[in-house]
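Student: Keeping their order, the protein sequence lines are chains D and H. Its first residue numbered 633, the first sequence is counted upward by one per residue in our numbering. Its first residue numbered 633, the second sequence is counted upward by one per residue in our numbering.
Heads up, some of the hints might be wrong.
Put simply, identical chains are the same to the list, so a pair is met inside one copy or across any two.
[What the hints assert, rightly or not] SDA-like cross-link-like pairs, simulated, lysine to any residue; straight-line CA separation at most 25 Å:
1) Lys640 to Leu727
2) Lys640 to Ala736
3) Lys640 to Gly782
4) Lys770 to Pro665
5) Lys770 to Thr663
6) Lys640 to Ala870
7) Lys640 to Thr773
8) Lys770 to Gly855
9) Lys770 to Gln784
10) Lys770 to Pro648
11) Lys640 to Pro729
12) Lys770 to Gly655
13) Lys770 to Met667
14) Lys770 to Ala664
15) Lys770 to Gly666
16) Lys640 to Thr751
17) Lys770 to Asp884
18) Lys770 to Ser781
19) Lys640 to Gly655
20) Lys770 to Gly782
21) Lys640 to Pro934
22) Lys770 to His909
Please keep in mind that the hints were generated in silico from the structure rather than gathered at the bench.
Protein chains: 2
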Amino acid sequence: MGEFELIKRYFTRPSPGAVLGVGDDSAILQTAPGMQLAISTDMLIAGRHFFPDVDPYSLGHKALAVNLSDLAACGARPMAFTLALSLPSADAAWLEPFSAGLWALADAHGCELIGGDTTRGPLTLCITVFGEVPGDAKGPTRTLALLRSGAQAGDDIYVSGTLGEAALGLQHQLGRLQLDALAAAACRARLERPTPRVALGLALRGIASACADVSDGLLGDLGHILERSSVGAQLDNAAVLATCPWATSDIDAQLLHDCVLNGGDDYELVFTAAPAHAAAVAAAAHASGTPVQRIGRIDGRPGLRVLDGAGLALATSRSFDHFSQDANMQRSSAT
Amino acid sequence: MGEFELIKRYFTRPSPGAVLGVGDDSAILQTAPGMQLAISTDMLIAGRHFFPDVDPYSLGHKALAVNLSDLAACGARPMAFTLALSLPSADAAWLEPFSAGLWALADAHGCELIGGDTTRGPLTLCITVFGEVPGDAKGPTRTLALLRSGAQAGDDIYVSGTLGEAALGLQHQLGRLQLDALAAAACRARLERPTPRVALGLALRGIASACADVSDGLLGDLGHILERSSVGAQLDNAAVLATCPWATSDIDAQLLHDCVLNGGDDYELVFTAAPAHAAAVAAAAHASGTPVQRIGRIDGRPGLRVLDGAGLALATSRSFDHFSQDANMQRSSAT
Numbered sequence: 633m634g635e636f637e638l639i640k641r642y643f644t645r646p647s648p649g650a651v652l653g654v655g656d657d658s659a660i661l662q663t664a665p666g667m668q669l670a671i672s673t674d675m676l677i678a679g680r681h682f683f684p685d686v687d688p689y690s691l692g693h694k695a696l697a698v699n700l701s702d703l704a705a706c707g708a709r710p711m712a713f714t715l716a717l718s719l720p721s722a723d724a725a726w727l728e729p730f731s732a733g734l735w736a737l738a739d740a741h742g743c744e745l746i747g748g749d750t751t752r753g754p755l756t757l758c759i760t761v762f763g764e765v766p767g768d769a770k771g772p773t774r775t776l777a778l779l780r781s782g783a784q785a786g787d788d789i790y791v792s793g794t795l796g797e798a799a800l801g802l803q804h805q806l807g808r809l810q811l812d813a814l815a816a817a818a819c820r821a822r823l824e825r826p827t828p829r830v831a832l833g834l835a836l837r838g839i840a841s842a843c844a845d846v847s848d849g850l851l852g853d854l855g856h857i858l859e860r861s862s863v864g865a866q867l868d869n870a871a872v873l874a875t876c877p878w879a880t881s882d883i884d885a886q887l888l889h890d891c892v893l894n895g896g897d898d899y900e901l902v903f904t905a906a907p908a909h910a911a912a913v914a915a916a917a918h919a920s921g922t923p924v925q926r927i928g929r930i931d932g933r934p935g936l937r938v939l940d941g942a943g944l945a946l947a948t949s950r951s952f953d954h955f956s957q958d959a960n961m962q963r964s965s966a967t
Numbered sequence: 633m634g635e636f637e638l639i640k641r642y643f644t645r646p647s648p649g650a651v652l653g654v655g656d657d658s659a660i661l662q663t664a665p666g667m668q669l670a671i672s673t674d675m676l677i678a679g680r681h682f683f684p685d686v687d688p689y690s691l692g693h694k695a696l697a698v699n700l701s702d703l704a705a706c707g708a709r710p711m712a713f714t715l716a717l718s719l720p721s722a723d724a725a726w727l728e729p730f731s732a733g734l735w736a737l738a739d740a741h742g743c744e745l746i747g748g749d750t751t752r753g754p755l756t757l758c759i760t761v762f763g764e765v766p767g768d769a770k771g772p773t774r775t776l777a778l779l780r781s782g783a784q785a786g787d788d789i790y791v792s793g794t795l796g797e798a799a800l801g802l803q804h805q806l807g808r809l810q811l812d813a814l815a816a817a818a819c820r821a822r823l824e825r826p827t828p829r830v831a832l833g834l835a836l837r838g839i840a841s842a843c844a845d846v847s848d849g850l851l852g853d854l855g856h857i858l859e860r861s862s863v864g865a866q867l868d869n870a871a872v873l874a875t876c877p878w879a880t881s882d883i884d885a886q887l888l889h890d891c892v893l894n895g896g897d898d899y900e901l902v903f904t905a906a907p908a909h910a911a912a913v914a915a916a917a918h919a920s921g922t923p924v925q926r927i928g929r930i931d932g933r934p935g936l937r938v939l940d941g942a943g944l945a946l947a948t949s950r951s952f953d954h955f956s957q958d959a960n961m962q963r964s965s966a967t
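Bound conformation, chain D alone (with noise of 0.2 Å):
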């Protein structure tokens, strides 16, 4: 099979919202007017993000997904995107299940496939997406978008969905930690086919102050948010533990409180609200499906403070870095 059999095969759909798809030497998209672009990318690349022998269907699913949850992180509505693929062959049966999983979870959230790009080398993937968010009537520099920097003191913090998972899935599977067969399957299910919280971010604008999705860790991202917004916060650490399922289970302590503050690949949202937005924010994770955990509290001290029940600070590790610490399937549970 060659590139552009390849292409036509499992990469071409028609894709009446774009101006022009797939098959020319760009694509063109024309958003409505006064709405705005929101892009991101991101690459992954076997045996540093993935398993190079993990589920095609599943690594098809992930690879949009964790663009996806940037757009939501963003509150932008997912419109279309580039796909650029290093293969090592043009494989049939790995392609087929793997543009499965991928239009799929296109289809879900009618996001477009308008272009990209094929070549034969290690197994590596690059996707961007584009989603719209509407433009502010105050001025073309200005956003609706949810951003990190919006954070304000008194603001309370909350995080989606479950945290943790994702990483105790990745520990069981490298042989460090043994999941009973429940734990085990759901913990996988969240490291390979991560849900980005797409309507959650819609849902949450002009209520979030500020937010961010957690893919490098709880403290990393929130840690981004702080950062932008010039402030600091105190997290209660009983809540943040509880957001993960498996925290009454007898996991290693350490080990499952450094999976949920910085496992990563949660693919949750952490934002910030106003505490006279708590049954707007209530409201929103309702309408969108979306569980939503209170877990802290912004405030104009500078730096991230994990409280105990006492009200004492934990000694916690810093974020995830790529470069600083071992990246994700290699990375050490140390703090």
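Position chain H against the provided structure of chain D, taking the given hints into account.
Tutor: The following block gives chain H in isolation, referenced to the frame of chain D:
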């Protein structure tokens, strides 16, 4: 150096043209009313698209140049780009010249870096570029961009600049060909620092009936125009060879012919225009400072024929394909 320090030091600059640039979950662009966004993406892999020890400044240039060339082929004005970068380590001695080469070309085209992704892994680059083209007042599903699909029987076929030099430079580097010092330097410069024909693409809006960039070789890329336009073509072999400045040197005639017709990596524009637009094409070439050469004519008979001086069709090889043939750097010169 950590990931965030790496981004801050080498890849963060103000991007006043964007609503939101580097540092949040997505970047946000707003195009002018009535403008469309052209989007293209390309992935470059060490050992496949470039030598692992290539001069990093040149690599920074080329990674963006190949993407700008796709915008040029659509007649789009570059606006912004994202960069996804996988690196074995955060090495300042590599990052400084790489980012300098990237910024120099970006600045020359007013193209702002608005976001991206970095990770540790095999040296791999994926750039997605965004350019503006005017919307067509006839409707939102139409465009004034240059497409591959507009060629008509009777149109002249043109190519910009020179063909075959990048391929000759590669053959020389691989030791399959001995160029003299002058030719070697010129061909190497074309291989490592191609010139995207952005100004020509802009000048050809409303004049060219179809356009593509020559990335995979003239025959292959012109073939895309023929396929998308449902037409055929005949090329004047002598005129095509005359686009290569080294055609009169003592390079093996078959190798030269193959480098010019199928060499790839030229990043010139191949385009078509009605004979009535010949003067306008010449004016566009002059205004953009880009040499343009007429090399053939579109006809209604399917297929692509390369004719010698007596009007007889020459045997030619098919187009380059990343999966059907060995990829660029390993490609043999056999037709």
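Student: Check the structure against each numbered hint from earlier and tell me which ones fail, lowest number first.
Tutor: 6, 8, 17
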